[in-house]
Amino acid sequence: MSIGKILNSLNKSWERDDVLLNIKNGLGADEIVNEFLAKNERQIKELNSLLRPEDIDLLNQVEQLSDCESKLINKIKNLNYLENKDNNETNEEEIWLSNRVPSNRITLFMINWSNKFVIIALITISAIALSKQAWA
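Each residue of the sequence shown is one higher than the one before, starting from 163 at the first, in our numbering.
In case anyone wonders, no lab produced these hints; they're calculated from the structure.
Certain hints may be false.
Unchecked claim - Each computed PhoX-like pair below joins lysine-lysine, with the alpha-carbon atoms no more than 25 Å apart:
1) K186 to K233
2) K207 to K167
3) K167 to K201
4) K174 to K207
5) K186 to K237
Using the sequences and the accompanying hints, generate a full structural model.
As structure tokens, this is what we get:
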């Protein structure tokens with residue numbers, strides 16, 4: 163049997179929908195792989211005997227590609243988790259801050275107007291002091 167025929171046969175045997183269904187049914191990755199190997203042992207041995215060194219290199223590259231895809235999926239999943247967590251924390255902060263509206267208004271007023279108030283007060287005091295000196 164040729165490599166192409168063996169690969170096509172193995173590909174048909176490894177239906178992604180069936181694998182996903184097995185995962186949903188609680189089977190672990192090792193169990194799924196071992197079951198596949200047991201069902202297709204003869205074809206896998208024949209494929210292994212037909213592989214050349216450059217085919218082994220290609221298999222290693224495909225394995226690295228799968229690892230990269232797995233890491234990408236994990237990062238995306240974690241990013242979504244962190245974004246959801248940040249959104250929940252923001253919502254909790256907004257709820258907590260909305261309960262303190264009066265004190266927040268005073269705080270915002272002080273932050274926005276305190277510097278202006280101090281500058282106006284200093285200018286007024288300076289103007290009064292200068293006018294007293296001018297009249298003396």
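How the hints compare with the structure:
Under the criterion of a C-alpha separation no larger than 25 Å, the hint pairing K186 with K233 is consistent with the structure, at around 21 Å. Using a Cα cut-off of 25 Å, the hinted pair K207 and K167 holds, with the two alpha carbons roughly 14 Å apart. This hinted pair checks out: K167 and K201 have alpha carbons roughly 17 Å apart, not beyond 25 Å. Proximity of K174 to K207 is assessed by CA-CA distance (about 17 Å); at most 25 Å being required, the pair is judged to hold.
For the hint pairing K186 with K237, the CA-to-CA distance comes to about 21 Å; that is within 25 Å, so the pair holds.
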